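A.B. asks: What follows is the residue order along each chain.
2 protein chains.
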Amino acid sequence: MTPRAYRAVKDCHVVVGYKAYLQLLDGDLTRGLLAGKEIISSGMTQELSRAGRAIEKALAGNDVCLISSGDPGIYGMAGVILELLGKEGAPKIPIEIVPGVTAASSCASLLGAPLMNDFAVISLSDLLTDVKVIEKRIRSACQGDFVIVFYNPKSKKRTKPLEMAWQILSKYRSLRTPVGIVRNARRADEEVILVSLKDLLTVKQIDMGATVIVGNSKTFLKGKYMITPRGYEVKENKNAKFQTPNPKSIPMANSEQPR
Amino acid sequence: MTPRAYRAVKDCHVVVGYKAYLQLLDGDLTRGLLAGKEIISSGMTQELSRAGRAIEKALAGNDVCLISSGDPGIYGMAGVILELLGKEGAPKIPIEIVPGVTAASSCASLLGAPLMNDFAVISLSDLLTDVKVIEKRIRSACQGDFVIVFYNPKSKKRTKPLEMAWQILSKYRSLRTPVGIVRNARRADEEVILVSLKDLLTVKQIDMGATVIVGNSKTFLKGKYMITPRGYEVKENKNAKFQTPNPKSIPMANSEQPR
Chain B
-15 MTPRAYRAVK DCHVVVGYKA YLQLLDGDLT RGLLAGKEII SSGMTQELSR AGRAIEKALA
45 GNDVCLISSG DPGIYGMAGV ILELLGKEGA PKIPIEIVPG VTAASSCASL LGAPLMNDFA
105 VISLSDLLTD VKVIEKRIRS ACQGDFVIVF YNPKSKKRTK PLEMAWQILS KYRSLRTPVG
165 IVRNARRADE EVILVSLKDL LTVKQIDMGA TVIVGNSKTF LKGKYMITPR GYEVKENKNA
225 KFQTPNPKSI PMANSEQPR
Chain V
-15 MTPRAYRAVK DCHVVVGYKA YLQLLDGDLT RGLLAGKEII SSGMTQELSR AGRAIEKALA
45 GNDVCLISSG DPGIYGMAGV ILELLGKEGA PKIPIEIVPG VTAASSCASL LGAPLMNDFA
105 VISLSDLLTD VKVIEKRIRS ACQGDFVIVF YNPKSKKRTK PLEMAWQILS KYRSLRTPVG
165 IVRNARRADE EVILVSLKDL LTVKQIDMGA TVIVGNSKTF LKGKYMITPR GYEVKENKNA
225 KFQTPNPKSI PMANSEQPR
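So the protein sequences, as listed, match chains B and V.
Residue numbers for the first sequence follow the numbering used here, so the first one is -15 and each next one is one higher.
Residue numbers for the second sequence follow the numbering used here, so the first one is -15 and each next one is one higher.
Hints in this document: simulated from the structure, not taken from any laboratory.
In this text the structure is predicted, and so the values were computed from the model without any measurement.
Just to be clear, a hint being listed does not mean it is correct.
Any copy will do: because identical chains look the same in the list, a pair fits if it lies in one copy or spans two.
As the list claims (entries may be wrong) - No farther apart than 30 Å at their CA atoms in a straight line, the calculated lysine-lysine pairs in the DSSO-like style are these: (1) K21 x K202; (2) K206 x K76; (3) K182 x K202; (4) K(-6) x K141; (5) K206 x K182; (6) K155 x K21.
All chains should be modelled from the sequences, with the hints used to inform the complete structure.
C.D. replies: If you want it as structure tokens, here you go:
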């Protein structure tokens, strides 16, 4: 949570959000950051009504925080509120979108450095997007040799998109391609799993709280780290010695050109 | 900057980074957050030697912060340090990667909500990636109808990749496609520009500090906002009144199904 996000919540009158996210802010919704505020919580798929309630509260004179996890602009509430307010007859309300650390970044940081080259972010939620469009996205991302970050990979009821994704991935990528799965990053029940593409569908921990990162053709594993090379020439340098500080002994790789 | 990143810098002995980023942390590198610390700064393209210096300092017993802007795992220093430490004979040093708010998120938040659907992140820096690979990435991203976020779009010397990108984009996307350009997001000289694809190459403010976001086939402009729809049915509802709070009067759009 950035200081800017913290201050926005601290200074507002009304907080609106999906119940589980509000509990991340403040365990019982009554003390800490949410103390003294009006709390409007709701369940999943209630994004439009939450945004509607936020608008009502703002029209009544309140400063309102509408909460998303990660970054509200990436599949979050930012677009919902802007679309609603963009409709004919909608009231004019000042909006500020406070960016955050999205799941791709937080999960990548726990896996190593899988996003050091171009990547595609794809949601496997077929509630809002036609499955044929999702297929097209995955296929194109494979053809472009992007690292692929899957959001909303699977839920109890929604398992087919991930299976479909695996079918497409396995056509384009080696089954040895590293795949990183992170569940509930930086929360009490965080899990970090590294598998090869071959075994992706066997990973039981994949649910709505998980993010799946599939390497590109150059991604490799080194120890516990998943790394996609940026393109630097990191050569083996048998003469390199990491010694106590002496600027003249620093190995300079050949690819470093002065500008 | 997240509290976690702040604490990491505050608690360390040595800070290593590209000079301009260190100045963002602390204007003259001697007071504020960097007060009392050893500062090792260098110019652009010196990523490998910065990482090498960080390793040396760590081996000498220091806690070292290696600084990236945005998120260190997205084209940043995370991969550099992990690749170096992964080489045979490299020392074993504990590493912690602290994720941040990447440019895609911060810039999107200033443009509206362009990343509400699947997007591809592509670096136009051909210093490290072959231009044919970049072309393939752009073409595939177009074929998949991804919103496209271009990092490192252009510099004084490096103008051809952006022109090449425009050539490809203009084949696949309408010239009316909204494009958002944000330069130096949240810094004193921040600039936010909205154009249509047709005029992208005329925008003078595109440089290494800028991020360019090209809409997909459904991205639209509403007032000053660039919005990519998520897929919610946000219908015109002439009966909807935004009134003082009354839960029963909240318009429920047809697409909301109880789970």
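A.B. asks: I'd like to know which numbered hints this structure contradicts. Please list them from smallest to largest.
C.D. replies: Result: hints 1, 4, 6 break, sorted rising.
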